[in-house]
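Engineer: So you can see what is in the structure, the chains are spelled out below.
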Amino acid sequence: MKKSILIVLALLLVNMAMAQMKVTGTVTSSEDGSPIPFATVLVQGARNVGASTDLDGKYSFDNVSKDAVLIFSYIGFTTQQVPINGRSVINVVLVPDATRLDEVMVVAYGTATKGTFTGAASVVKNDAIKDVPSITFENALNGKVAGLQITTLSGQAGSTSAIRVRGIGSMNASNEPLYVIDGVPVVSGNAGQMSGYIYSTSNVMSSLNTADIESITVLKDAAASSLYGSRAANGVILITTKRGKQGRTIVNFKASVGITPSWATDNYEVATTEQQVEMYYENFWNAGVYYQNRTQQDASVRALQQLNNRFAKHGYTFTAPDHTVKTLTIGGDRAGQYFDWEDVLFRTSVYQTYDLSVSGATESSNYYTSLSYTKEQGRIPVNSFDRITGRVNLTQKVGKSVEFNTNINIARSGKVGFNDTRALGNNYFLQSRNLMWGLYWPTDYITGAPWTLRYGSYAYNPLFYNNEWDNNSSTLRISANETVTVKILPELTLKTIFSYDNAGTLDHLYYSPVHFLGSASKGSVREMSTNVNKLVSSTTLNYNKTFAQKHTIGLLVGWEAEENKTEFIRAEGSDLPTGALQTVATAGVLTSNAYYWGNTMLSMLSRAEYNYDNRYYFSGSFRRDGSSRLGPDARWGNFWSLAGSWRIDKEEFMKNVDVISSLRLRGSYGVNGTLPSANYGWRSLATYGNKYMEQSGGGVSTIADASLSWETSYTSNIALEFGLLDQRISGTVEFFNRDSKDLLQDVPTSRVTGFGSTLKNIGEINNKGIEIELSGDIIKNETITWSAGITASSVKSTVTKLYGGQNIIWNEPTGGDARTKFIYQEGQSTLAIYGREWAGVDRETGKNVWYMNNENTTTQPTTVNGRPATFRYQDASEKIIGNVHPKLFGGFNTDVKWKGFSLALNFTYKLGGYTYDAAGRDVTDDGYYWERIMSKDQYDNRWTPENKDAKYPQRVAVDFEDVNQKSSRHMHDADYLRLKSLTLSYNLPKSILNKVKISNTRIYFNGMNLWTLAAYKVYDPEVNEYGSRGWETPIGKTYTFGVEFSF
Amino acid sequence: MKKINLLFTVLGIALLSSCEGFLDVKPSDSAAAETSITNANDAKVVMSGLMRKLTSADYYGRNFVLYGDAKGGDFAIRSQGRGNDALYTFNHSISSNNYGGYWAQMYHCILQANNLLLNIEKIIEAGNGTAALNEYKGQALTTRALIYFDLVRIYGKPYNMDKASYGVPLVLEPLDASAQPLRASVEEVYTQIMKDLTDGAPLLAKTKVNGFLNYYGNMALQARVNLYMGKYTEALAAAEVVMGTTLYSLYSNANWNGSWALPFGSESIFELGVYASEANLGTASLGYYLLRLAKVTGASGWFMASDYYLARLNQDPTDVRFGMMERDESSTTRLGSCLKYVGGPAMLGDKGVASSTNIKVIRLSEIYLLAAEAALNLPTPDKTKASNYLNAIRKRAPALALSTPVDVTMSMIEDERSKELFAEGHRYFDMIRWNKNIEFNDDFIYPAVIISHREKIINRTFYKTILPIPQNEIDANPKIAEQQNPGYVN
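Protein chains in written order, with this note's numbering: chain C, 1 to 1047; chain D, 1 to 490.
None of these hints come from the bench; they were simulated from the model.
We treat Cβ as the ideally placed atom computed from N, Cα and C, and that holds for glycine.
Wrong hints could be hidden among the right ones.
What the hints assert, rightly or not - Which chain D residues stay away from chain C? Per the calculated CB distances, all over 10 Å, these:
| no. | residue |
| --- | --- |
| 1 | Val-25 |
| 2 | Ser-36 |
| 3 | Glu-187 |
| 4 | Glu-234 |
| 5 | Thr-332 |
| 6 | Pro-478 |
| 7 | Ile-480 |
Unchecked claim - Result set (DSSO-like, lysine-lysine): computed pairs, CA atoms no more than 30 Å apart in a straight line:
| no. | chain 1 | residue 1 | chain 2 | residue 2 |
| --- | --- | --- | --- | --- |
| 8 | C | Lys-691 | D | Lys-231 |
| 9 | D | Lys-479 | C | Lys-741 |
| 10 | C | Lys-691 | D | Lys-383 |
| 11 | D | Lys-122 | C | Lys-847 |
| 12 | D | Lys-479 | C | Lys-801 |
| 13 | D | Lys-351 | C | Lys-522 |
| 14 | C | Lys-254 | C | Lys-1037 |
| 15 | C | Lys-821 | C | Lys-741 |
| 16 | C | Lys-951 | C | Lys-879 |
| 17 | D | Lys-479 | C | Lys-821 |
| 18 | D | Lys-206 | C | Lys-522 |
| 19 | C | Lys-534 | D | Lys-26 |
| 20 | D | Lys-479 | D | Lys-436 |
| 21 | C | Lys-58 | C | Lys-397 |
| 22 | C | Lys-879 | C | Lys-741 |
| 23 | C | Lys-58 | C | Lys-899 |
| 24 | C | Lys-1037 | C | Lys-1017 |
| 25 | C | Lys-114 | C | Lys-245 |
| 26 | D | Lys-456 | C | Lys-691 |
| 27 | C | Lys-130 | C | Lys-522 |
| 28 | C | Lys-691 | D | Lys-436 |
| 29 | C | Lys-879 | D | Lys-122 |
| 30 | C | Lys-565 | D | Lys-231 |
| 31 | C | Lys-796 | C | Lys-1017 |
| 32 | C | Lys-130 | C | Lys-313 |
| 33 | C | Lys-847 | D | Lys-456 |
| 34 | D | Lys-231 | D | Lys-383 |
| 35 | C | Lys-242 | C | Lys-545 |
| 36 | D | Lys-295 | C | Lys-313 |
| 37 | C | Lys-130 | C | Lys-990 |
| 38 | C | Lys-741 | D | Lys-208 |
| 39 | C | Lys-879 | C | Lys-948 |
| 40 | D | Lys-44 | C | Lys-691 |
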């Protein structure tokens, strides 16, 4: 004590001896130009001399040496040192620093600072996602977190995404991560039942407004996630919503409008109408001449007959005077005019969003409220989505030791969806590529009336039928959680959270008596209500104390109970009196259904942390979960983790290594689990859905294994974190290994048992990989900063053990039409494409050739590249033909800030692996399904006597099934690089704004998917989680303009 | 710290004592399978469920009926690619168009019958048997016989061709998930079918039970199965039991057409109920698939009558059975579309909706024709009976001369079966049972395309006359691969 008094005195004496002056200024944030209150300003070398900024970010020193250096700091921002140099006004712009090790991040059941956290986690701040025109935050995370794979299931407005954290750990149970919002596990995934009817999904997470998100933490290893126990094996995504900042009230308003005029890439571009006619003719001509030994004339007459037969009613006639395609001419009354289906099936869609938020805080209370409206159209006219969200986050201190926190979010969304599957009748994307020709018109050629009949094959006139059906889903989601925190002792805190999460979806699906799906029942209408309720109660006790200055311990114990219940009601009516009324009330025939399902879980959890001298960190966690999804004998499971880290940079021997500003090694090992998706998977059930002659009917519906248990994952993780040149460059290199055991599998059973499969815990999968995150400032000075970052991940996902070593052949579940075939085989990838190996096209005959891959003899043998091959696919064996998993994936981004301008580019990439073309069989059919002759790719690349080195075989109207085989013919390189997002923004200068009392104004432009480089160019390379591309709506290029004001 | 530990322990104990109740969550719409059948009422619910499962699209609801006609030469297709034309073109392999739905659905139904039988047996053993339970036991046995008969006809060679060859796995009680049963011989399967039928017959009511099998349904099946086995005496005897009751009567010529718009008519010995909100397949129903393409929205024109069938029916242009035929897409005069499953020209089904029309599985007409065939093939042919029984149906072509004991022939009976039972799933099985050549009306496809998977004329030596054991069965039951039907490789 005496010593310090002396120092102060000494300093005062020194100060008096120097020239003193007054200095004032404002501290603002480079992010949005807003003032930073409570920032710390210190004078270098002077103890106990310092100031804080006020609510307007202003500070002042009355007496400071004109040669002094000021140090400006604020949590989350890079500290700046500014020499006064005699200036009396010093305004400072602080730059946020994502690489700081003392940054606070949200982790399981609490917070941690980045430098002390022993687990593997990545944090994404609101900044990185706020300008992306997306209903949900998931798409915005693409390429930003190493180890995270995000795939879109469809380009439809409002559809769900699939997120995979570090590969695939389960075959049968969910691979989706757990979502936790503000400390509470929440409902996620698809809302409502529409996917059972028109295969459109609606994402529950879209009820969360991206603008309300403060940060997202992705927990990846066991140390980070094991505290979530049985649900953590697929990773955990923690979302923290915004809170007010101490200071004056901030009103923020943001508006943006985007348009999507085109798809992001080519998607099965069609040949011209003339080319399609040529292929159609050729199809029958070839069959006649080469396969039926007809004369050219005979074959030509028959081919023309086909064309005339089909298109005379649309006003076209066809002739070929010399009986070959050379003279094929399209005549008739509509000759030369073709209907532009692309023009009516797609539109330039519009996206708009408006956000308003008010926030602020005082010593004892903190509030954030927001209201937002978003409307997004799909490019297909019947698809749209809109949403209103409102949020209130309120914290109030009562007395010194009690704090109440309430977060309430209400969101109402509406979606009009679309059938994304291979539905020939009404998937408009498919029709535009496959069945609608310019020769088919929406009106009758003679009467001018709307065309209501089928267009050859199964396509119907969408212009007419669009008005004969209707579908929409509306979801109302209410989440409320209340937290009470009691500081029992300075070191001991009790926290109890009670949360209610409710998502109620109403689905409406109507087909008029005229509609092809309503005609058999004389019109039908369905109303379905799905109400998902989730109640979570969680109580934790937290003890933190530092002993003898160097020993810090943290202890956490708690318990949690969760109840999930979904109530379903369906009312359905058919035999409708009029198309004007779309209600069940008017129907002649009524049916209904109602039941509920759910599950419960009880848990106890604990964690202990210790650190010595902020150099050595240890932590351990233990959780015991019991779930109703498992039988009494298997119900309880234990999950735990151990982890440690070492701040190497704090060691003596590192003091002299200036280039390294931080260095940390950490490692962890732990066990977590996954529950079966089925609520009652362990029970053999009799169900009663088999009503017969208006009496109840039932029967055995499953064979179950009563000892069904958890899937268990054993994860180890080791990482090196480093910072160079005073943190100008920082990065992480991370290795992980995850062994998932006792995996749930639908083990195929002999159909003779009455069932095709039964659920058992039998398989094992290994995921291992390396993740690299690197970021740095290339240029950093007061006027310009240029930073860049890259993420790269390589995950090897392998099936290591199967039931009795027996392979499991399975089909991709998407769309319900088995579009890709896979095999689980020991030692092979978890996404190993299984099928026949296509050897291409025989040069002389234009026929498909197949590698035998067996020792069988074939009636039509040949060789390709010296290997035995056959013209009969039936004689060739199936094998693993490719792996969907990429070798490397990730993203890179670069930001340039200059004065008020900033430009941010975000790229995503994938290298290695294959995609499977599930739609190719439709657009490049070999000729049997002669409607399917639409693609330009096929026109350009089919075998003809003039083009013998062709990619595709000769077109001929014979029922060869080659194209319908699952084979390497439909497999293509998956590599791509995409400019996912580009944002250019400009902060208007303060000098202008101050006059109109606006503290900050920002205008920006964002472009999504503007540029793509892909190895295979026929369709969009951003495919679904199974690596396949089918008839789902592609994604588009979106151009968004926005403006943001703060008051 | 001790306090905290204590608190946690107390909390833990309090929790655990109540948690097993909290964690016992039962489904609201299903029951535990083991305890779902405890009395006659439960048995009735399961029997209803079983009948409903027979009406699946993979079975009597559509595909099984199509199978019997698409492959028998009575059906033709106009265009390829409309759906299910593989049945007609015989484009089958183990992995493509293997029609494994038959296999899966029929065995799923057999499981239901086996489960019912097992549980009824348990109730009876516990001393709680009732007459009603016996009745359901009889129905379950008879249904199981019906399903095995259908299975063995699809997957096994005809009994009179090679009864020692592979039939289908014979399973008489619910199996464990790990079971990998192998195929029994055709003969063993037929033996079990006859055993189930004869065991079941005495338990069954001799009254009509609409929508379910009764005693006469059982006897009709006995007649059918015996006929397939070439046991003509037994077939005739069983048929005559059915013909001898007053519960059923043949439609008069005046009523024949109208009968297709009525549920449970006087000829229906076994008819499956297809009600609007139950097994109704809508535009995917059998009725819609046989309608003229685009006659109404959703009508597919999958299959229509072949030239050969029409020529047969045209032996008498006034044949009443033309009433169920309507013009097809090929011309304004060719009567190729069948209206049996939409309730006739009014298209109102038998209950007001075209697609919810009952499926008539066994009709008295068939029993007469079966009796005629049995009588004619007796060791000592009874031509009087043969002629009489045939004429009861043949008179539906009023301009044709009735047969006499002198001129009655097998080919007259064969033609009559085709005419009467068109689109009812018999023709193909009859043709291979009779060892006849089947000719396909391939030139009706317009414009012509090559059918590469079979010849224009086939007979039962063609390996594809029976379906392959499907790939997914082999994947789960590898040893059965060695018992694959000959000709199907890889």
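Engineer: Please verify whether C/Lys-242 and C/Lys-545 have alpha carbons no more than 30 Å apart.
Structural biologist: Roughly 29 Å separates the two Cα atoms, so the pair holds.
Engineer: With a cut-off of 30 Å on the C-alpha distance, tell me whether D/Lys-479 and C/Lys-801 pass.
Structural biologist: holds, 22 Å
Engineer: For a C-alpha distance cap of 30 Å, please report whether C/Lys-58 and C/Lys-899 respect it.
Structural biologist: holds, 21 Å
Engineer: Taking 30 Å as the top limit, are the C-alpha atoms of D/Lys-122 and C/Lys-847 close enough?
Structural biologist: Given that 30 Å is the threshold and the Cα spacing comes to 62 Å, the pair is violated.
Engineer: Within 30 Å, alpha carbon to alpha carbon, are C/Lys-879 and C/Lys-948?
Structural biologist: holds, 28 Å
Engineer: Would you check the hint for C/Lys-691 and D/Lys-231, treating anything up to 30 Å between C-alpha atoms as holding?
Structural biologist: Outside the cut-off at roughly 38 Å; violated.
Engineer: Against chain C, does D/Ile-480 keep a CB gap of more than 10 Å to every residue?
Structural biologist: violated, 8 Å
Engineer: Take a quick look at whether C/Lys-691 and D/Lys-383 sit within 30 Å of each other, Cα to Cα.
Structural biologist: Not satisfied, since the Cα-Cα distance of roughly 46 Å exceeds 30 Å.
Engineer: Taking the shortest Cβ-to-Cβ distance between D/Val-25 and chain C, state whether it exceeds 10 Å.
Structural biologist: violated, 4 Å
Engineer: Going straight from one Cα to the other, do C/Lys-847 and D/Lys-456 come out at no more than 30 Å?
Structural biologist: Holds - the C-alpha atoms of D/Lys-456 and C/Lys-847 are around 24 Å apart, at most 30 Å.
Engineer: Between the alpha carbons of C/Lys-58 and C/Lys-397, is the straight-line distance 30 Å or under?
Structural biologist: It holds: about 27 Å lies between the C-alpha atoms, which stays within 30 Å.
Engineer: Please verify whether C/Lys-130 and C/Lys-522 have alpha carbons no more than 30 Å apart.
Structural biologist: violated, 48 Å
In this structure, the earlier hints numbered 1, 2, 6, 7, 8, 10, 11, 18, 20, 26, 27, 28, 29, 30, 32, 38 are contradicted, and the remaining ones agree with it.
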